[in-house]
Each structure stands twice: as C-alpha cells, then as structure tokens.
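Enquirer: So the sequences go chain by chain: S and L. 120 is the number of the first residue of the first sequence in this note's numbering; add one for each residue after it. 120 is the number of the first residue of the second sequence in this note's numbering; add one for each residue after it.
Please note that the accuracy of each hint is not assured.
Stated by the list, open to error - Simulated crosslink set (SDA-like; lysine to any residue; CA at most 25 Å straight-line):
| hint | chain 1 | residue 1 | chain 2 | residue 2 |
| --- | --- | --- | --- | --- |
| 1 | S | K375 | L | H311 |
| 2 | L | K375 | L | E256 |
| 3 | L | K193 | S | I310 |
| 4 | L | K375 | S | K160 |
| 5 | S | K160 | L | A164 |
| 6 | L | K176 | L | S380 |
| 7 | L | K258 | L | E271 |
| 8 | L | K272 | S | A164 |
| 9 | L | K160 | S | E271 |
Calculated directly from the structure, the hints in this document are not laboratory data. Owing to the predicted nature of the structure, the values given are computational and were not obtained by experimental measurement.
2 protein chains.
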Amino acid sequence: MEGYEKMSPIEIRKLISEQVITGPTAGMSKGFTQANLVILKKEHAYDFLLFCQRNPKSCPLLDVTELGSFTPNKIATGANILTDVPKYRIYKKGVYTAEVLDATAYWEEDMVCFLLGCSFTFETPLLAAGIPIRHIEEKCNVPMYKTMIACEKAGVFEGPMVVSMRPMTYEDAIRAVQITTRFPDVHGAPIHIGDPSQIGITDIDKPDFGDSVTIKDGEIPVFWPCGVTPQAVAMQSKPSIMITHAPGCMFISDIKDTALSVL
Amino acid sequence: MEGYEKMSPIEIRKLISEQVITGPTAGMSKGFTQANLVILKKEHAYDFLLFCQRNPKSCPLLDVTELGSFTPNKIATGANILTDVPKYRIYKKGVYTAEVLDATAYWEEDMVCFLLGCSFTFETPLLAAGIPIRHIEEKCNVPMYKTMIACEKAGVFEGPMVVSMRPMTYEDAIRAVQITTRFPDVHGAPIHIGDPSQIGITDIDKPDFGDSVTIKDGEIPVFWPCGVTPQAVAMQSKPSIMITHAPGCMFISDIKDTALSVL
C-alpha cells in the first residue's frame, strides 16, 4: 500500500487495468479524487441524473460521459472506465449477479457512465489535520451500512441511503465536520454522529458493505453519505442492467482533492 | 418595494399571480430564496439536466418538476410556476418571441420545469454584512452581461455564460467572496472581479439584460455567474420551445436563504 500512496493516478490505473491491483483503493494516489461508478442504459439515464440532482449528498456527480462513451474526459482524459476500476459489480433487474475485474463484456452501445464523488477524497485533508483514519490504519475497506434514511425518489430510482463510517474522538469529530463541509462535491459534512440506531443501523460491527473496524474507548462513530447508495437503490429499483464499482474499489481520477474544496 | 420586503413568499406569489407585481423581484420576501426558471419539452430535458450538471456555477439546480407538472413541490408546495412568476419570456427555435405575464397558454403536457438558484439569495447576507447592493439602492434591475466564457456543452445546449454585476469597494469585494462562497447552490463565489474586458464585456454601462447601475469612484465591479445563462444558451441552441422567467423577475420559493448555506 505504501508505494501505491505516492504513485500517480495514471500509474495506479495502469496497474488496475493489468489486474495487479484488485482491491480497495483508499489511500492510493494520495491527494487525487476517487470516484464511485454507475453505468446504466440510456433509458434510465434521465431518471438517474434526476436522482443524483435530488440526492446530492449521497450522489454528488463529478462526471457524466456522452452516450456510448466509457471515457470520463472531465476527470481523467483517455481513461477506460471498463478496465480502470479494480473490481465491478453487475446488477441485473436489481439482483447482484457477478463481481468481475473487467466490465468490457457487459458494455452496450447505449450506455452512459456516471462518476460520483467519494469520501476517500476528504481523507487526505482529515489526515493532514492529524485525524487518524481507522480503515487505513487497519489496512481494510471502510465500513458501509444501509440506513433507514430514504433517498428522494426520481422516476424508477428509490431506496435507502448508504453511509460510510469512521470512528474518531469527540474533538476530532468536530474538526471533521469543519473540514468535510468544505467538500460538498464528495459528500460534504457528516449525515449523523453518535448513535447508529437513530439512522437504522442495528449492529455497528456488521457493515452491509466493506469491513468492520475497531471503535476504541472514547470514540464515536461518524457517518457520511456514501456513493454505494446507488447499489442499494438498484436492488430496490431493478433497472435491467447496472454496472457499478465494488464497494471501496474506486476509480482514481486526475482531479486533485484540493480542486474540489469550496473554501 | 418596502412593503414587499417583509411579505411572505405565498403573499408575494399571490400578488404576482394577480398581476399586481409584474417587475423585478430583488429584495422581495427578504430571506427567502428566489429562483430562475427554465421550462422545456421532455425531448430536451436530459440534455438540459446534463448541461446544469456540467455548469453548476451558472445553473445550480434547486428543483426539477415531474414530467407534466408545473408545481415545484420541493421548494414551494402547491405553487403554480405558470402564474407565479412576474414575467415570462418565450423562446421558439432560439428566437425570443414574446414576453407575457402568464405562461399557461404555452404549457404542453410533456414539459418539465427547472428551477435554478439565483444570486438575489446571497444579497440578504451581503446586506447583513453591511455591503450595499446598488440595484436595490437605485430601485432597478441588476445588470447582466453575456461574456466570452463558454459553458460546457451538453447535447444540444451550448453558449456563453451570463453574469450579474454588483459594484462595491475593494474591501467589500473581499468580504463578498467569503460570504458568497458559503452559497454554492446560488452561484457561489464570484467568477471575476475587476476588469470587465477580461471576460468579454466591452461596455459596462450597456448590460445585455437588466439595467445599468452607478459605479462610484473607489469601487470595482464584481461578477457572479447568472441564471439567465440558459436564455443566452437557448438563443444559440434553438430548442423548439423554451419558457423562462424574464431577467430579474424571479420565482420566490418557500426555502430560506440560510438553508442553502454550506457553512
């Protein structure tokens, strides 16, 4: 992992396309924005674009490709979104049917790719502020949970918000609110702090996606809206086909984290 | 104007629908968010939604109605967008063909309404910070200019960014950057300060929309992206029909300005 942290996005994407890297990307190409991926057929593109507009905290859009293009030119010129993500999930009619390292075989000419901001982006400024990130310390995937917070419906798309969780001290939680508020394009401020049951999480040690992490004495869990939300939504909304990244296995763009800060 | 400042959005909208108010709305229902309006047929809705996503500074979306609905329920439950704006402009194939007080006659069943954030929203916190707003002082419309800044294309939609201008002292300009940065959903920070020619404005006394205002000695012009941008874009992109508000004559929502601040 240590070597990956200092590598450029284009170098990391090459290793991913060669299937040398096949797992979670947190901490890689430090300082560059990572993105969630959703690929849909044209017939669902308007509804999904509207869904993102209505749910900007969980689905902040960084880039939308032209119809039939798998190159996200706004955030990574020349990249191939079908090979440059470590792991993909295929959902057919709402059912998670396969996890693959290359999505090329599932591509159709009338598809559109949506790249959504990822909370890994604000981990760089959190670390810079001296706030430890547990899943990076424990070298595992960030824990993610389905909540009882309902997203705002748009066309066929509806479902629960998914959140990512980082445990931290009470003092660090306050600082983390300040820091992440500056990044509305990558989920912004936390959606909840402190009591998982208030947002419908019954067992903090059993995340729905990713890995469980240690919560130490004197720490509270801090929850951010998560770009895995479209996957929970796909299960409920059942589009004919939807290709996504696997949770935690993100697309690494050429955009610097600092370029996304409003302050 | 003074009485209108303290009236609620629902009271103002009633006076507008009765055609008692037929002009610019700056300063009315102080503290409530005003919105730009774009109405398009379904065939252009995806392209326009994508245009807004790609040009969030000039086209920050506050609400999108369901297909065939003229009620913007997210920002003003029960309002009628076809009567509750003081003045509308009708563009047919890119040509500005009519200005009307009621848009009902132009409504078609397959239309979608887009409500975009308006810079009038951040005038309240600017005033609260002691920064005078010249077009409110001079009881006229804010000056707006077409620039040479190209918007990012999406489908059929392309064209120049339109900006609004407020003259202020150098010290106030710095404070205005800080204050408006907190409001990314209503255009956010200025796009330019100081030299109109740098963004393609040849005569500051001849705005393309709205009225000219006095720039006093010791003041500089400060420019914000403007929600009239879609009208300049419509002229260039020529959708079959597009209904918009008339510049400065906004839709007044039930959302408080303070609710749109990220800080």
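Enquirer: Can the restraint linking L/K258 and L/E271 be considered satisfied, given a maximum Cα separation of 25 Å?
Expert: Status violated; Cα separation ~34 Å.
Enquirer: Given the hinted pair S/K160 and L/A164, is their Cα-Cα distance within 25 Å?
Expert: Roughly 17 Å separates the two Cα atoms, so the pair holds.
Enquirer: Between L/K375 and L/E256, does the CA-CA distance stay at or below 25 Å?
Expert: Status holds; Cα separation ~23 Å.
Enquirer: Are S/K375 and L/H311 close enough, with their CA atoms no more than 25 Å apart?
Expert: Judged against 25 Å, a Cα distance of about 23 Å means the pair holds.
Enquirer: With a cut-off of 25 Å on the C-alpha distance, tell me whether L/K176 and L/S380 pass.
Expert: This hinted pair holds, its Cα atoms lying about 15 Å apart.
Enquirer: For the pair supplied as a hint, L/K272 and S/A164, confirm whether the alpha-carbon distance does not exceed 25 Å.
Expert: 17 Å, holds
Enquirer: Assess, step by step, whether the Cα of L/K193 is no farther than 25 Å from the Cα of S/I310, and give holds or violated.
Expert: Holds: L/K193 and S/I310 sit about 20 Å apart, inside 25 Å.
Enquirer: Is the hinted pair L/K375 and S/K160 satisfied, with a Cα-Cα distance of at most 25 Å?
Expert: Given pair L/K375, S/K160 is violated - Cα atoms ~37 Å apart, limit 25 Å.
Enquirer: Going straight from one Cα to the other, do L/K160 and S/E271 come out at no more than 25 Å?
Expert: 23 Å, holds
The structure is inconsistent with the numbered hints 4, 7, although it conforms to all the rest.
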